[in-house]
Structures are given as structure tokens and as C-alpha cells.
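Visitor: Sequence:
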Amino acid sequence: MWKKKFKFRNFLLFLAFNSISLSAFLSIACENKEKTKNTENYNYDFGLVAPPINSLNYIKYESTSKVLPSLVEPFTKTGPIEDLKSILHPPKYIIRIANTSASVDEKGEKSSNFDIFYKKSKDEISKDWTKTISSSFYSAHDWELLGGLGRASQDSQETSSFYFFPNPKNPTNVMAYTAFLGEKNNFWSNGDVIEAKDLRDYFEYILDLNVGSQKKEKIRKLGIRSADEFIQAQNDYVSKFSTLYKNPWGRRKYIKNEFGDYIQDPDELVWQSQIKGDEEYVKKIKDAALRFGFYTGQLFLDYTNEEIENNLKYNPNFDLQNNNTQVFKILLPNKKGEKPEDFKIVKIIKNPYLNPYQEFVHDKKEHKIIAKQKIFANSENSFTLIYDENKTLRPFSVIHQTNSFFPVNRKFIEAEVGNIEKFGISYETFLTTGPFKLEKDLILGPNGYLKLTKNLDYFDASSTIPNKIKILFSTDVNVSNILFEDGVISHTYTSANKILKYYSDPKTREFLKKNGGYGTIAFSFNLDDETNKNIYLKDPNLRKAIQLLLNRTEAIKYVGWDFSLPTTLWTAYGQNTSDDGKNLETFYEGLKFKEKNNVERELLDINFLKHTGKSFNLEYTYLSDNMYDPKTAGYYLKEFQKNHPDVKEVKIEYLNNSTEEQKKAGLFLQEQVRKGLKEIGMNDFITFELKSLPENTYASFVDEGKFEIIYKNYDYLGGASPEDYIAVFFESDEINKMSQKNIGFKINPVGSFTYETYVADLFFEKLKINNKSITKQKILEPHIKAIEYFIEKNNFKNKVVEAQKQNSDSKYSSLSKDITNNLMSKISEILKYLESKDDLTSEQLEKLYTKDFLTYLVEYNILNRAEKNKIQSKVNKLFRIYILEKYGVKEIANRTRDTATRLMFEQFIESYDDDPNLKNTLNYWDKFVELAFKRQNEDSISYNSRIKSFFTSNFTDKEIEDGWETIWLYPFIGSYEKVIKDSAIVLPLMEVDTNWEISRITGVSSLYTYALQYAYDYTKPPRPGLPRKRKN
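Count the sequence shown with mature numbering (1 follows the signal peptide of the UniProt record, and there is no 0) and you get residues -24 to -1, 1 to 1008, in order.
The hints are simulated quantities; they were obtained by calculation from the structure and are not laboratory data. Just so it is clear, the structure is predicted and the values come from calculations on it, not from any experiment. All C-beta atoms, glycine included, are put in the ideal place defined by N, C-alpha and C. It cannot be assumed that every hint is accurate.
[Stated by the list, open to error] Straight line, CA to CA, 30 Å or less: simulated DSS-like cross-link-like pairs of lysine-lysine:
1) Lys61 to Lys808
2) Lys197 to Lys145
3) Lys640 to Lys624
4) Lys775 to Lys688
5) Lys341 to Lys229
6) Lys514 to Lys752
7) Lys86 to Lys96
8) Lys773 to Lys808
9) Lys305 to Lys259
[As the list claims (entries may be wrong)] Distance windows between CB atoms, simulated:
10) Glu193 to Phe677: 15 to 23 Å
11) Pro1003 to Glu937: 25 to 33 Å
12) Glu822 to Gly84: 30 to 38 Å
13) Gly84 to Ile917: 22 to 30 Å
14) Glu193 to Glu914: 16 to 24 Å
15) Ser981 to Asn659: 50 to 58 Å
Using the sequences and the hints, build the whole thing.
Guide: The following block contains the structure:
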């Protein structure tokens, strides 16, 4: 633990330990400002503010993201601004493009499967790999990025920083690439050399569910091959055995050998059975781990290729193909190798993640190890990254991903710190790398700080401009503004009430700068089948009413995003464009939909032309909210009352993390709904209870579904693909305690609700037209009763009664598996029994009774009847599977087409006159319904692959025949936005896009994250010759 040092002249610490109010202190500070301004001689070049961090553990926690690039060097980093390039002369970072035209599958079609490309190209690459490189190239430095850990490029093709392999099906995208690190350029603060394995270890830690990293979804969204499969394999293990598999990557423990070196135990057996009968599940984890698309060229664990090669002459029995341990002699430093004691004898073992696309040859005569395909990772200083073939990315997105590839020193964490939980909790348990060293004088948490000092041992230290930096932890923008005015810091975001003051003063006007960004802030509901405690939120009429009672132009004032844009769209389209460069939002222009009372609305809040105003003087633009409509809200509330005639008042709990922004968002919600209800004569029909929790407790409550409505910035859901936002509702991320899934809401922010839920509920309403008393349970009753009968027949009744008495999730889980396995062996008997109970054909019954369908029926029957949420969850799942088999996609689409008409789903196609035939073949609603449903026996990986293939234009033959082309995908995404508005599962409020900063910092183009090697305060530059002005 660090000893806190009470420096009362430090503004933030003074606030922390004084009892006077903030307002009183600020008045004192203002009164004395002129006396103290510029009189204190701060012993650092400039100061900054950042949100508080309680731990430096950047593996587990997102809170480090702001300051991390100055603590740990990423693979690429933000470079200097143009004015500095002519002074610093940074090296070039070239990206060469490989020829992938040979990647053709057995059907003669182009393939983005890297295995196929390798098989068809490896011989040519082995002969002369430079001939497979095209003359075209990209320059990373033109995208304002430099190498970081990456090596600088020379003039020849052989010495580029990156080699991109284009997707043959869509050459504007990249399916894989190889990248090289600067050899022995980068060191950890303990002296260890940084190698490509350190980058791989970063991914391994985060994707290991035992770690519980907050970054898991961010890394998963990178699209690296087999990341989804690896996570799914771990989840399957948990579901089956009610515990995590402890070592999913097959890592070896660090031990200290006889020479005092920490090495990975070469004799340890990995990927071993953990529980009797788990072998099949362990194999799935192992296979997914080995397929994970990030490979280095390091041959053996703990030893560099150079070290192995330099000692080959002492090891005549060395076998390069041996995957088991082998004894190896290594010459000791300053020894001649003439005596046995000149060597250390070690055991070496192959790196399990050695690049499988590289062929190494042992030249025994020359004592060399030769890599035949030099375009692929071939040493510890290179890696080859392979994307999922349906998740290939554009070059710009690929290169900017590497800006978030950080190394981690696993040996230090596990051999010296102890484990990942202890990493970063103190100065002693953390390592830095890059242009700065972390000073020991630091305080974590609110009102704390950290200090950075120039690292004189850094390979590019001569280009590091600041000598010392102090970063204070604060979230109060008003405090930060005063710190800026007093010269304590040189950069901060500024509040609306300060803009006029700063702009009207010539001394501060030049410090103002407007920033743009992309993301969506929204209210979201807990629609999880298992954890939702407020059943009224499941009624879309109530959610629609709340949606229409909110005036978003008021929201931005309440919460402090004064310069942002109100929005009712879920997708933050930002700079997303079509392949021909057309902005995504332009495809939404003119699209409309109708509410259930026939009120017609535009889909877009602001058209593209007006939207560009945020780059200029947005604060003078007239803003409105086209979804604010209390009258229509009243219509939906009356529909809600028809469904719940006895309800006089609905109480909803708003949960927040105690920050000012979230608390103010709750007040906005409370006040806006109150005002709107008063306007339509329904005073206090909906009320909100505001509940504040500490940040960590709040995060746990959200993860576990212990909330009803929350306010959140959902920018993390967006990525490089236009469909990223709408895609989160294809699959649930729900709580299922019987399957040991105790956290959710990461991938899907509302838990259980999906497009399948939406369509199934529409279809159920159609079934109710002819029978108003019908329920989903009644529809499923023949199957529920059949399984109840077979449970009793097979002597499980007493066990069910006992399980219901215990009412334990683990007991239910174990019993469910036993019964399901037993009944699966009797499935023919069950189907025969059902032939007279249901009007499904024998073929339909056979297809219906998958293991999933049977499991849900068993779980329904064994649950304690008091577990209403869990029971209803099983009913919902069973119903969706049942209607898909009984009616099929086409009939479900036809029976619900009135909703498609109301939402004007086919509007874009109907307005397209270039090809009238398309109107007969291309149908958005049919495709929407088809994609909404998982097919029978389609697991999550296959389903996600089908969705991703479609939205990345990897169309099936049938889709091509129907007329699908990339150009039709963009307005189709707009149709999904109509569904999100119609279901009101999330309530978008504003874009996370625009704010003002006041800054004396130049040298870098942005301080979104703190990559500070080239940053300096231009009013007091730390060295001569630097530009004394910031370009706006």
C-alpha cells in the first residue's frame, strides 16, 4: 500500500481532506487566483486530469484506458502532428499488400478462409515471397500512427512493418496480416525484453473467463479467428460442470530452475481432465485455443530462436520436429565451450502457439534454422493475426486496432507478483514500458495522482518531448476548469457555463477546441426473463410511453452534454460509410415509420447535411426531438391499461453509479415523465425511484440483472462495421443460473430480448385473435404434459420433489442433465406418444425434439412453481422453437406482415426504379424474420457466423438469386432501427460526439487517450525550437 502524502497545496487533496464545501472553496480559489496565478513553480512540464483509477491492472479493468498508452507502449501509437514531423523526423511504417488471388475453394469460388489461401500459396511464397507482394502499399504514419512496439520500415519490400492479406471475396478488406516488432528495442521497466508473446498474453488473459476482464467483449469484437469459439467452449464447460476450466490456454506454471531463471515448467501436463467425464469439453477448449488466430514465430518457450540457433552446434541430437521436452545445452556468457561447466543444461519444449503457417528447416551443416515463408511470423519478434473469415476489416480499421494491442509481462505477474488479481495494486506490482517511467510517488483512487518521468533508456528517448508530467484524478469539470486557470493543468474539457467566458477573452479563446466522437447514450431496460422483477416493463406499450414522454433536447442540458446532439437512433453511425464512400446515415434519409395510432415519423432525427454542423458552431443550431409526443404516449398507456386493467400506478427503479451525470439523468427521467403525464391527465401513473450505488457495486448489480432501468454510454458496442449496434439484439446475453451463467448484459444490454422475441410476440398476438384466452403454455401443453408423464414413468418424480424443496440452481442443473440424458435415449417412444397429442407431422416432431427443446421441457417440469420468472423463461424459449418448426419462416413473416407495412419496411425497395424485378424477389421483412430465428441445431457460433456473413456481403447463392447486394444492406440496417424504436427496448438520448476542451497542449492531435510522447504545453515548451502555437 502506498503511504498517502498530504500536500495541502495540491488542490485535489485539499478538497479531499477539508470539511468546507466545494462552492466555498471555489470562491476562495477565485478570490486569490490573481495573487497566486503563475507564481507557483510546478516541478513538471504540464498537468492533466483523468478519471480516477483504483488499480493499474489494465488486464481486468477498463478504468486504466485513458492513461494506459503512456504507461505501457501499444503496438502502434499516436504520432506527432505535422508541424513536429519536420523537427523530429519520425521513421516510416509501411504496410505492404500480398497477392491472395490464389485463394479459391473446391467449388472454384474465392475464399476468405486463411487455411485455403495458405494451402494454395505456400509453395510460391516459399520460392520467392517478394514476388507475391503487390506494388501498392499503405503508410501507417499517414494515418497519424507510428510504430510503438512495431518496427520501422526500410525502403525494401523485405523490411516493411506490416504485410496485409486482402480478402479475395472483398479485396477492400483484410483477412489476415503479419506484423514485426522492433528487435530488442523495447524493454519492460524490470529489464525484460518485450516480445510478440507479450501481446498474445494480453489476449490470453482477457479471454480467459477465470480472469473476469472488463475488456473481454472489446477483444472479442476485434474479430480474431476462434475468439468466439474459445469463449463458447469455456461457457459450455461451465454449463456442463458448474465450474470454470482453470487453465483454458494450457499455460505452464513458472518455476525457478537450478540456474535461478524463471521458466515455464516443461514437465507440466496441460489440458488435463479437471472433472471425471470432462475430456470432450476440455478437447473443445484446447482445439479453440490452438485455432485462435494470433501466432508468434517463437519456436520454444522461454528461449529466443536466436538463442536456440546459436547453440545448435553443441546439440547434435536436437530435433526441430520434436513436440515433447528435449535436453538442450546452452553456452554460458563469456565461456568458450571447452569444458562441461561452460554450459547450462536445460529442458526445452515447443511453443504450442508457434505459427502453424510457417515452415522451419534445420540446416544441420550450417547450424541454422531457416524460416521458409518470411511473410509469416518467423521469430519471437513477429506475429501473424488471422481474422474470422466472416469478420474481415478495412485496412484503416485494422491498423487502428493495433493501437489497443498492449503487451503484458506474464512472467512478472505469475512468478513475482503472484497472480493477475494482485497485479497493479501497488507500484511494486506494476511494470511500465515506453517513453515514460512511473514515479513511486503516486496515489490511486479519487483525488489521487500519478507522475511520469522521461525514460532515458527508451530507444527513441531523443524524440520524447516532456520531461515530467503529472496526472490528477478528477471527474468534476468545474474543478478542472479552475485547475486549468491556475496553471495546475494544461488541458481539460470545459463546461457550458464557461464557454462564453473563455471565448470572449482573447487570452483564452485560442485555447478552445471542439472535439467530435461517436457513440450513443441511452436508457436501457432490464428485459431479462430470469432477473426482471418488474413484469410491467415486459409490456412494450409501457416502454413506448416512456420513450415518447422524453424530450431529448432537455436531456443534454440536464446531464452536461450541452454541445451534443439529441438522438432517437440506436446506431451511432459516425464515419461509417458504404464501400463507395457514402455515409451510412444518408441511406436513412426519407425513411419513415408509423406508430400504432398511425402517427408517421421520420427515422432520422437530423439529416446528414445538418449533422455535419457538429464540426462547426453546433451550439447555435436549432435542435428538436421528433419522438417527443405526449399525446401518442397517452395512446400507448391506454393500450397498457387494457392489458393490465387493475394497475393504478407503475413504480420503476432507476439505478445509477453515484456520478453526477447519472444522477442528473435520473432526475431528467423522473421530471420529464412527471411533466408529460400531467400534460395528458395521467398524473403520477408512472413514478421513478432513484437509487445510487458506489461504482463497483453498481457494476455488479448491472452484470447480475439487479436493475430495472439504467443510463449508460454504449459506445463500446460500436465498431468498424455499420451493423454493430443493431447486431447486439440478435442473441441474448441473459442470466441463466441453472447453467451457471450468473452475469450478462455485456453483449446484449437488455438481457433476453432479441429480434426473435419481437417476432414471436407479434406472432403470438396473431394467434390470440381467434382465441383471446390462449396462452403460450396452452399451446405447449401437449409437450409439457408428455415430458411430465415420462419423468414420472422413468422414476424421477421423487427426485423432482426433493429438488423443488431445496430450490437450488445447482440441484436443478444436475437433475435436468440426468433426466434429459435419460429421455434422449427414449426419444422414439416420446415421439410415438406425442403423435396423437399434437397436430405436428412425424417429421416435424422429429425435427422439433432437439436436445435444447427437450432440456427446456424438462427444466419447466422440475422447477418449483414459485420460480415464475424461470418458468416463463423456459416457456418463451419453447414457444419460439415450436412456432418455427410448426409454421416456418414464411408463414410467420406473412402473418406478421401488417407490422412490416406499419413500419414501412419495404419503403427503400419500393422507391427503387432502376430494377422493377427486385420488388418481386427482395423482401426486407422476410429476411428480417429469417435472420431473427436460430435454426434447429444451430449453435451460437454458427448463428453468429450466418449473421456476420450476411452483413459482410458473403451472400449465399439463394441470397444472390434474390437480388441481395452490398448496397441493399445499408437501408436494411435502417429497418432494424425501426424495430428498435417500435419495441422501445432501449431509449437513445444523445450522441456521445461533441464537447469543448480548453487546452494549451500541442504536439499530438488528440488527448482522447494519453499517448504523450510528443505532447507539450506550447506556452512553456520544455526545449527550444518547438512550435509555440496550436493549430485548430
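Visitor: Each of the hints needs a verdict: does it hold here or not?
Guide: Hints versus structure:
Pair hint Lys61 plus Lys808 does not hold up; C-alpha atoms about 78 Å apart against a cutoff of 30 Å. For the hint pairing Lys197 with Lys145, the CA-to-CA distance comes to about 21 Å; that is within 30 Å, so the pair holds. Restraint check for Lys640 and Lys624: the C-alpha separation of about 27 Å stays at or below 30 Å, so the hint holds. Between the alpha carbons of Lys775 and Lys688 the distance comes to roughly 44 Å, so the proposed pair goes past 30 Å and is violated.
Among the hinted pairs, Lys341 with Lys229 is inconsistent with the structure: their alpha-carbon atoms are about 36 Å apart, more than 30 Å. The hinted pair formed by Lys514 and Lys752 meets the criterion: a straight-line CA distance of about 15 Å does not exceed 30 Å. At roughly 12 Å between alpha-carbon atoms, Lys86 and Lys96 fall within 30 Å of each other, so this suggested pair holds. Restraint check for Lys773 and Lys808: satisfied, since their Cα atoms lie roughly 22 Å apart, inside the 30 Å limit.
Proposed proximity of Lys305 and Lys259 is contradicted: the alpha carbons are some 34 Å apart, above 30 Å. The hint said 15 to 23 Å for the Cβ distance between Glu193 and Phe677, and at roughly 18 Å that hint holds. Restraint check, Pro1003 to Glu937: a C-beta distance of roughly 60 Å breaks the suggested window 25 to 33 Å. A hinted range of 30 to 38 Å for the beta carbons of Glu822 and Gly84 is consistent with their spacing of about 36 Å.
Checking the proposed 22 to 30 Å range against Gly84 and Ile917 shows it holds: the Cβ atoms sit about 27 Å from each other. A hinted range of 16 to 24 Å for the beta carbons of Glu193 and Glu914 is consistent with their spacing of about 22 Å. Checked against the hint of 50 to 58 Å, the C-beta distance between Ser981 and Asn659 comes to roughly 52 Å, which is consistent with it.
The structure shown violates the earlier hints numbered 1, 4, 5, 9 and 11.
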